[in-house]
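Trainee: Chain by chain, the residues:
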Amino acid sequence: MTKFVVRRILQAIPTLFGISLLVYAIMLATPGGPVAALTFSPTVTPQERAALAAQLGVNDPYPVQYLRWLLGDDWMRFDSDGDGISDTAYLIPLDADGDGEPEPPGRRRGILRGDFGSSFFHGKRHVVDVIFERLGATFELGIASLVVGLTIGIPVGVLAAVNRGGYFDNFTRVMAVVFNALPSFWLGLLLLLVFGGTGLGLLPMGNRCGIVLVGGCPPFYERLEYLFLPTFVIAVGGVAAYSRFMRASLLDVSGQDYIRTARAKGLSGRMVWFRHGLRNALIPIATLLGPTVTGVLSGAAITEQVFSWPGVGRLVVSSITQKDYPTVMAVVMFAAIATILGYLLSDMLYALIDPRIRLR
Amino acid sequence: MQLALRRFLRDRLSMAAIGVLLFLALLSFGAPIINALTNTNSRSIAADSFLPPFSPGHILGTDDLGRDHLARLLEAGQVSLSIGFLAALLSLVIGVTIGLIAGFIGGRLDDTVIWFITTLNSVPLFFIILIIAAFLSPNATTLILALGFFGWTGTARLVRGETFALREREFVISARAIGSSRLRIMYSHILPNQLSIILINLAIDIGIIILVEAALSFLGVGVQPPQATWGNMLTFSRSFFSHGPHLVFWPGFLIFITVLCLYVLGDGLRDAFDPTTID
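So the protein sequences, as listed, match chains Y and L. So the first sequence is numbered by this note's numbering: it starts at 1 and just counts up by one. So the second sequence is numbered by this note's numbering: it starts at 1 and just counts up by one.
No lab work stands behind these hints, which were simulated from the structure alone. Don't be surprised by glycine CBs; every beta carbon is placed ideally from N, CA and C. Treat the hints with care, since some could be wrong.
Only part of the chain Y face toward chain L is listed, based on derived beta-carbon distances under 8 Å [what the hints assert, rightly or not]:
#, residue
1, A25
2, A29
3, G123
4, S298
5, A301
6, I340
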């Protein structure tokens, strides 16, 4: 097991490297670049703009820029004699804007050393802090929708398999297609229209909790009414996927020899389905954890927007539309790590519960 | 093949789906004629805003700026349907080509392709497309290219797997024995045998792409107003809940129906091509 985990983590390195290259290439291809995003105000003079460009190093060759993001620039241009003026430079010029004075020493440490830079917005705080602050809200939504999706999806799938070819089975088949075709943002808007303030007025129009003056939101069980609709919207896709998966898995198991043996022993149908069948059919559900991470992350981007939910998804959308480069890069890298971890965890879980699987 | 076609034509659900899709496409692309008949168009701000449906002269009412809702929906349909179809076609061509070559040649090339696909799949693709659409000017062409160039991995994987299996079959070996070139074997022996997979994938991909395009437009990084798409018509509708519930309902409903029909079509094709289906 340890060997397997180590190997998978090693395998993840080229994948993450590829993702970082891809995202960086998109960033570099953007017209304007970070300087334009930072100096949006008309009061910024061209000199200030040039100074900023020199400091950010946007005129350096692309590989150097990528290297700076990866490893930082505190070793590229630094002050070796302690007088506060940089005097040594590797890869990049000491005086980037050509005004006769060396640029200040580099302070970035690079993402490999955990420095994703500071956001252009959000009070210029560190990107990692901004993301971690939002993580809780997305986690809450993700776990809630996973729980709801499983508690509805699994029984529906089991009933469909038991009544194979019957009305309920056909009904759930149609339901799965319909749920998959529903645009989540439209569903969210319709639910708000019906249950929200202008409709029945039963549920709040969005946000994670009411207005609080001090501290964060109260614990989730005190504000279930806020959690209800967004959870439902994300869970809809899960219900469709889990019920179909569960049905297929249970039907697959029901063709196995040990089920025939159980029947031959004279066990009742219910006993066979639930005691022998279900327990084994539940195992492959573990493999769904990986895809679920991706699903929740992309689903959150849309659903959090509809319900003004202060999570990572909304952060992604807002930082992309505001061209907040450091945040966008960091969020994508975090999403990639989360996805890889999700797949790794689901493989490990699978191996733990299914004695037939040996990880190598 | 003929059997599959006959089965498909006999499947009432699939035929209904095709009918609805054709109807929607006809309405959307026949918008100029309909506009002439109802004496409206999608841009003119002639009437009062937020007229309810069935108002005189505006069958589905008007929006926040007093534009005819039906005319806007139809114009949006042209854009949404074209983007869905063109992007799916692009991703199909890329996916089939890469899948065929990787599966047929194998070796290093195949490893590279698989690594590339794994890499792309290890980050929510929606984020990547969101970034591309937002950072390079958000418009229809960018969307088609972004969706096409990043949506092919599923198709490529399927085609690659199938090619792997087919290339060891007798008819391929005999084609090779009589000296057919690799290109010829790929395109006239292996490709036609994957027609079913390709068609099923195309139908479902168009559906997925229409959903993603609508989501992008909804988030404000898709096609920009005043050009209407079903997605961006919903963007501001939340502010108008009390005035115009019909503004929320119709655009989403059309997305839903279109995608539903495409999924049903994909399912129907799968059943028709499936040799284990009993008539």
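Trainee: Please go over all the hints and tell whether each is borne out by the structure.
Mentor: Hint by hint, here is what the structure shows:
no., hint, in the structure
1, A25, "10 Å, violated"
2, A29, "7 Å, holds"
3, G123, "22 Å, violated"
4, S298, "4 Å, holds"
5, A301, "6 Å, holds"
6, I340, "5 Å, holds"
In terms of the numbered hints stated before, the structure departs from hints 1, 3, listed from lowest to highest.
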